[in-house]
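Keeping their order, the protein sequence lines are chains A and B.
Just so it is clear: in the first sequence, position 319 is 319 by the UniProt record's numbering, and no numbers are missing.
Just so it is clear: in the second sequence, position 157 is 157 by the UniProt record's numbering, and no numbers are missing.
Hints in this document: simulated from the structure, not taken from any laboratory.
Note that the structure is predicted; figures quoted are calculated from it, not measured.
Note that the Cβ used here is the ideal one computed from N, Cα and C, for glycine as well.
Hints may contain errors.
As the list claims (entries may be wrong) - Once the Cα atoms are required to be at most 30 Å apart in a straight line, the calculated DSSO-like pairs of lysine-lysine come out as: (1) A:Lys451 / B:Lys225; (2) A:Lys308 / A:Lys451; (3) A:Lys352 / B:Lys110; (4) A:Lys252 / A:Lys308; (5) A:Lys450 / B:Lys225.
Unchecked claim - One side only, chain A facing chain B, incomplete, derived with CB under 10 Å: (6) Val113; (7) Leu217; (8) Glu355; (9) Met373; (10) Ser468.
As the list claims (entries may be wrong) - Label pairs and their in silico Cβ distance ranges: (11) A:Thr20 / B:Thr123: 33 to 43 Å; (12) B:Thr123 / A:Glu150: 30 to 40 Å; (13) A:Ala65 / B:Ala65: 21 to 31 Å.
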Amino acid sequence: MLYFPRWKIFLIVAICVLGTILTLPNFFSRETLSALPNWYAHNRVNLGLDLRGGSHLLLEVDMGAVIRDRVEGLVDSARTQLRNDNVGYTAITPGDRGITVQLRDPAQADTAVRALRQLANTIGGGPLGGGQPDLEVTSGGGSVTARLSEIALRERATQAIEQSIEIVRRRIDETGVNEPTIARQGADRILVQLPGVEDPDRVKRLLGTTAKMTFRLVDMNADPSAGRAPPGTDILPSAEGGRAQSAYVIRKKVEVDGANLTNATAGSNPQTGEWVVNFEFDSIGARRFADVTRANVGRPFAIVLDNKVISAPVIREPITGGRGQISGSFTAADANDLAVLLRAGALPAPLKVIEERTVGPDLGADSIRAGLMSVGIGFVLVCAYMIAAYGLFGAFACFALLVNTVLTLAALSLLQATLTLPGIAGVLLSLGLAVDANILINERIREETKKGRGVFGSVEAGFSRAYSTIVDANLTTAIKMAILFVLGTGAIKGFAVTITFGILISLFTATVLVRLMMVSWLRKTRPAVLPV
Amino acid sequence: MFRLRLVPDNTNIQFMRGRHAGLIVSAFLSIASVVLFFYPGLNYGIDFRGGIVIEARTPQAADFASLRHTLGQLNLGQVALQEFGSPQDVLIRLERQPGDDAAQQVAADKVRATLAQELPGTTVRRVEAVGASVSGELFFNGMLALGLALLAMLVYIWFRFEWQFGFGAIVTLLLDVTKVVGFYAITGMQFNLTAIAAILTIMGYSTNDKVVVYDRMRENLRIYKKMPLRELIDRSINETLNRTLGTSMSTLLSILPLAFFGGEALQDFGIVLIFGIFLATSSSIFIAAPILLFLGENRLRRNAPAENAAPAANPTP
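So that you can see chain A by itself, here it is in the shape it has in the complex (with noise of 0.2 Å):
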């Protein structure tokens, strides 16, 4: 036992000086890690957003706003289905999950089934078909009742999400935030971490829109401010203040969706010198523009964004180009958002911030002041303790737990995990705890030495009965940790990843290189009795 053959110390010293290397880049200046090579530059312990500054938003798609969109469409294709099929109603009633027909005549139930079928869409399936419908139609009643089943929610949420983080995905990278986290978190919401970022306003008005926009016509009949809506039209409230009118009469049928733009830039009309977005189309965009512009010369024509009206320009000629322009008194930063958000494109369902923590840099930059003091103090004190009360073995307990700090960074670095604030505070824990397999390895030494035993005999006998000690006390707290690494959000993570690590580091530090210490020291020193 006491008998190290040459390979393994070269290996014991091989993860020492190799820990060591691994962790370096953790402590030279920018400087020095631009004049090395890439792989070992960023070797680097990862620093959690509390320690560097930054924002860490949890976003909540709002499932409802999904299913009642789908039901309102539903809604709508009922009853140009139902006309087409002639069959006669008195009442389409939207409900929570699906709609009900009130049917005119009952003996029509069985083609008003047959008729809202055909609405069904297919979830699930492959190129060869299969899959299944996502309506459930029951009938019964002189009613008929079409609802989305539970197969096809679970599918509609998954898409929402799935299509919102994209989305989130591309208005934020257009921002210029510099290593965004965008994770998708349960089944409805987002996670995102902005590094770096103290103001998160803008980022959270940038995915507070939905950005749904619309190009639809004006009712030019009806007065908005009479409160009721006549069929088939909306009021909407007006977004551009001032000179225009607050509210406008629009259209339901949506003209160009805001889905066919190709592309969006804020830019300046060289005339006014304000500030507009210029839009271009894809094809059928373009063709469908093209068509209502012909077609309503001389009527107003709406921009719908988030059913608030943008403007409302009257059409002064057909728009053949694909090509159009919003204007409505922006701002410049505004107009460059509005471009971001169309460029993006539209949110399935509106997104809301549910938590958001945000640290500043230079409080990020205190922490870390205040950790380090903290790691160094305590790693003096605790020292100074084990030389106090071990002599030469417990010098050797220091060095091991030097060894111990630098392979748990090593590991953290080589990992890329985070080290958050209470990551620190594990690391100091963990100190505290690593010398415990050295004082109960000391202790039986002493033990033994006291028993009569050799030199050689105590050390030998010490190291072995003691392990069994060793790993049972670590693994309890190894096994804490995990639970709180499984069950733990961000920095609390962060604290259960620098204790197991450094736990695990200390069963290699406290057991095997000690041992190779003390082994050597015997070996050279031949000494009559222990210093313990």
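Following the hints, complete the assembly by docking chain B onto the known chain A.
Relative to chain A, chain B alone:
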């Protein structure tokens, strides 16, 4: 050669004499802690209750009266202001705003705008806004973590030792955890995610401590086949006393800087851990061991009846 020994070698303290006192004091403290948990209750942080915390640094020493007045006019419910660190640092806490999760955001933005307007040059150093559903989930997950950790410890110790050991460790852990909760109730420290991490850490430390003492008892059970359990437990505790106190000391020394220099967030964490180290060390000796004595008197030591458990010949030096 000078060696720092926390206790002299070869102690023979009869800890088990105090077993009743230890258990009674512990049970009393734990029951008191449970009562304190319900009344007056814990000071839940925004992680678990929802709400807003904003940390701001004003250009000059902050004028709390006028700040309180200005923020009070925003109609955001109770606004708590607190100085910490320097007189320029203000911590603003707002209750959870009525309405949905997003309502916190609206309120936080209002406060930010007001600060920018009333005190130009103020930097907002930290903002945390947690909605109701998120805080509910965080609380549930926190409690789940504590429950699972207890269960995992029970299974682990049961697996590695006899069931009496597992039972003793779990009861001790429960007593420890309730006292930490009581500590939070008495001091009024924020009970948040960090608190859960602190409790789990103390549980980990406490189990670690118990495992070492138990380990020695198991070893001694094999060596001294005839020794009465009571004497054997005392002997095991005495043998491991220097290690138990030594590890407590080293951990304590590593945590102390946290309590002094850790800054607002980690300071509380450090203080609770210090409390936890004292707690865990004492409960290893005065709670876990007596429970084992009661449970194991006739089971772990079949051939040595309990009546033989006479006091050892040499009293404490």
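How the hints compare with the structure:
no., hint, result
1, A:Lys451 / B:Lys225, "holds, 19 Å"
2, A:Lys308 / A:Lys451, "violated, 88 Å"
3, A:Lys352 / B:Lys110, "holds, 17 Å"
4, A:Lys252 / A:Lys308, "holds, 13 Å"
5, A:Lys450 / B:Lys225, "holds, 22 Å"
6, Val113, "violated, 38 Å"
7, Leu217, "violated, 33 Å"
8, Glu355, "holds, 5 Å"
9, Met373, "holds, 5 Å"
10, Ser468, "holds, 7 Å"
11, A:Thr20 / B:Thr123: 33 to 43 Å, "holds, 39 Å"
12, B:Thr123 / A:Glu150: 30 to 40 Å, "violated, 50 Å"
13, A:Ala65 / B:Ala65: 21 to 31 Å, "violated, 44 Å"
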